[in-house]
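Asks: Chain by chain, the residues run as shown.
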Amino acid sequence: MSNRKLASGIKLLSGVAHPARWLVVLALFMAIGCEGTTDIERLRQEMYNQSRFEPLEKNSFFSDNRSSRPWIKGTVARGHLRTDAHLYTGIVDDKPAETFPFPITRNVILRGKERYNIYCSPCHGYDGDGRGMVVRRGMKQPPSYHIERLQNETPGYFFDVMTNGFGAMYSYASRIKPRDRWAIIAYIQALQLSQNATLDDVPADVRQRLENE
Amino acid sequence: MAQLFPRGSNAFARISIVVVLVVVGTGLTILLNTNRLHYTTDVQVARKQPVPFSHKHHVTGVGLDCRYCHTSVEESSFANIPPVETCMTCHSQIWTESPLLEPIRESYRTGNPIEWVRIHDLPDFVYFNHSIHVHKGIGCQTCHGQVDQMPLMWKVNTLNMEWCLECHREPEKFVRPREEVFNMAWTPMDERGHAVSQALLGAQLVQDYDINPSTDCSTCHR
Numbered sequence: 001m002s003n004r005k006l007a008s009g010i011k012l013l014s015g016v017a018h019p020a021r022w023l024v025v026l027a028l029f030m031a032i033g034c035e036g037t038t039d040i041e042r043l044r045q046e047m048y049n050q051s052r053f054e055p056l057e058k059n060s061f062f063s064d065n066r067s068s069r070p071w072i073k074g075t076v077a078r079g080h081l082r083t084d085a086h087l088y089t090g091i092v093d094d095k096p097a098e099t100f101p102f103p104i105t106r107n108v109i110l111r112g113k114e115r116y117n118i119y120c121s122p123c124h125g126y127d128g129d130g131r132g133m134v135v136r137r138g139m140k141q142p143p144s145y146h147i148e149r150l151q152n153e154t155p156g157y158f159f160d161v162m163t164n165g166f167g168a169m170y171s172y173a174s175r176i177k178p179r180d181r182w183a184i185i186a187y188i189q190a191l192q193l194s195q196n197a198t199l200d201d202v203p204a205d206v207r208q209r210l211e212n213e
Numbered sequence: 214m215a216q217l218f219p220r221g222s223n224a225f226a227r228i229s230i231v232v233v234l235v236v237v238g239t240g241l242t243i244l245l246n247t248n249r250l251h252y253t254t255d256v257q258v259a260r261k262q263p264v265p266f267s268h269k270h271h272v273t274g275v276g277l278d279c280r281y282c283h284t285s286v287e288e289s290s291f292a293n294i295p296p297v298e299t300c301m302t303c304h305s306q307i308w309t310e311s312p313l314l315e316p317i318r319e320s321y322r323t324g325n326p327i328e329w330v331r332i333h334d335l336p337d338f339v340y341f342n343h344s345i346h347v348h349k350g351i352g353c354q355t356c357h358g359q360v361d362q363m364p365l366m367w368k369v370n371t372l373n374m375e376w377c378l379e380c381h382r383e384p385e386k387f388v389r390p391r392e393e394v395f396n397m398a399w400t401p402m403d404e405r406g407h408a409v410s411q412a413l414l415g416a417q418l419v420q421d422y423d424i425n426p427s428t429d430c431s432t433c434h435r
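Chains as they are written, first to last, in the working numbering: chain A, 1 to 213; chain B, 214 to 435.
Honestly, the hints are just simulated from the structure, not real lab data. Errors might be hidden in some of the hints.
[Claimed, not checked] Here are some chain B residues the structure puts well away from chain A; computed CB gaps all over 12 Å: (1) Leu241; (2) Arg280; (3) Met402; (4) Ile424.
[What the hints assert, rightly or not] Simulated crosslink set (EDC-like; lysine to aspartate or glutamate; CA at most 20 Å straight-line): (5) B/Lys368 with B/Asp337; (6) B/Lys349 with A/Glu114; (7) A/Lys113 with B/Glu392; (8) A/Lys177 with B/Asp278.
Quick reminder that beta carbons are idealized off the backbone N, C-alpha and C, glycines included.
Make the full structure from the sequences, and use the hints.
Replies: Right, dumping it as structure tokens:
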């Protein structure tokens with residue numbers, strides 16, 4: 001409401017009885033308030049939903065409505081150059097690597113255990129027998145890690161399966177980072193050892209405790 | 214000069230003081246509570262999704278870890294909504310004929326993403342980072358509630374500023390051991406599995422994890 005309108009409104013009021021005058025003034029103020037509401041509301045919304053994109057927010061500029069654009073084939077994002085073939089492909093001299101690209105410590109195996117339980121156990125089971133919960137719900141059963149063929153497989157073979165998928169298993173490359181994939185392989189080897197161990201493999205001090213139980 | 218106001222105006226003036234107090238009081242009460250209503254905050258309002266995905270089935274029934282799908286929650290501000298490849302990892306084999314899953318299969322065929330309805334949406338003027346909270350021992354369940362019991366997703370907390378500050382002021386009331394962050398059924402206990410009070414455990418963890426959450430405006434409003 002412009003100032004001129006307001007002035008003429010007040011002039012109009014001069015003839016009105018006193019108590020009613022206050023009411024009219026109140027109504028006028030409310031009218032001013034109402035007129036501003038849409039602007040204030042819009043301002044508030046613009047702070048709430050600013051003209052920038054949150055991760056995975058919709059952007060109708062692109063035909064698929066994605067603001068997060070897929071990687072363009074044949075390009076390398078800054079900081080994502082992968083020159084270490086052993087670490088990133090698991091292939092050494094055109095063959096599946098027989099070694100790990102970094103030393104395997106207790107912490108690496110523990111990390112592998114954690115990641116295995118998140119990503120692998122739903123199908124492969126917590127002890128690697130291939131009877132996880134999803135398999136019991138109808139997924140094709142993967143082989144147990146404890147069959148002879150897989151016990152003799154190289155770390156590079158497991159890395160390839162996780163990275164590129166195998167049979168019914170999809171690729172986990174986008175879900176598990178390369179270093180974690182190697183850690184998981186270390187843990188699978190630990191599972192294989194544990195499931196095929198005899199009492200003679202147990203260190204003397206722990207053996208005492210086992211025999212007591 | 215004649216009196217401007219009639220005698221009755223005195224009573225009117227006194228009553229108006231009371232009326233103003235009542236009106237201002239009521240107004241303030243409404244104003245302060247509007248942002249806390251379920252109607253405003255969407256708390257406990259389940260939203261219809263393009264596919265009726267059930268966290269209850271996938272977490273409690275199948276036993277999936279939160280991170281199986283929300284892969285980036287430990288190292289990113291954003292917990293990540295999984296791509297349909299993740300759904301298809303199992304559903305290329307299980308329930309392959311289900312009409313409910315047709316949008317998933319279609320999205321996988323065409324590459325057009327599913328437009329899930331966002332439940333937890335902070336205003337754009339708030340900075341929030343999942344990874345720091347996860348690493349300092351704030352469980353998923355602390356903010357998102359018993360997601361493992363939700364057939365469809367809903368909010369259990371307002372995400373209002375007063376709610377954030379509740380924890381930033383007294384983190385010991387909410388913090389848990391890092392290893393239990395993704396455990397939906399955790400209750401305060403010591404290493405041997407004996408129940409302890411949250412106050413005791415929380416105070417210890419706040420020390421161990423060097424938890425010192427700031428309540429500066431600029432911590433969240435950057």
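Asks: For each hint, tell me whether it holds in the structure or not.
Replies: Here is how each hint holds up against the structure:
1. Leu241: holds, 17 Å
2. Arg280: About 5 Å separates B/Arg280 from the closest Cβ of chain A, which leaves it inside 12 Å; violated.
3. Met402: Check passes; 20 Å lies beyond 12 Å.
4. Ile424: Label holds. Min Cβ-Cβ 22 Å, cutoff 12 Å.
5. B/Lys368 with B/Asp337: OK: B/Lys368 and B/Asp337 at ~18 Å, within 20 Å.
6. B/Lys349 with A/Glu114: With Cα atoms ~18 Å apart, B/Lys349 and A/Glu114 stay inside 20 Å; holds.
7. A/Lys113 with B/Glu392: Distance of about 13 Å is within 20 Å: holds.
8. A/Lys177 with B/Asp278: Measuring from Cα to Cα gives roughly 17 Å; hence the hint holds.
The structure fails hint 2 only (numbered hints given earlier).
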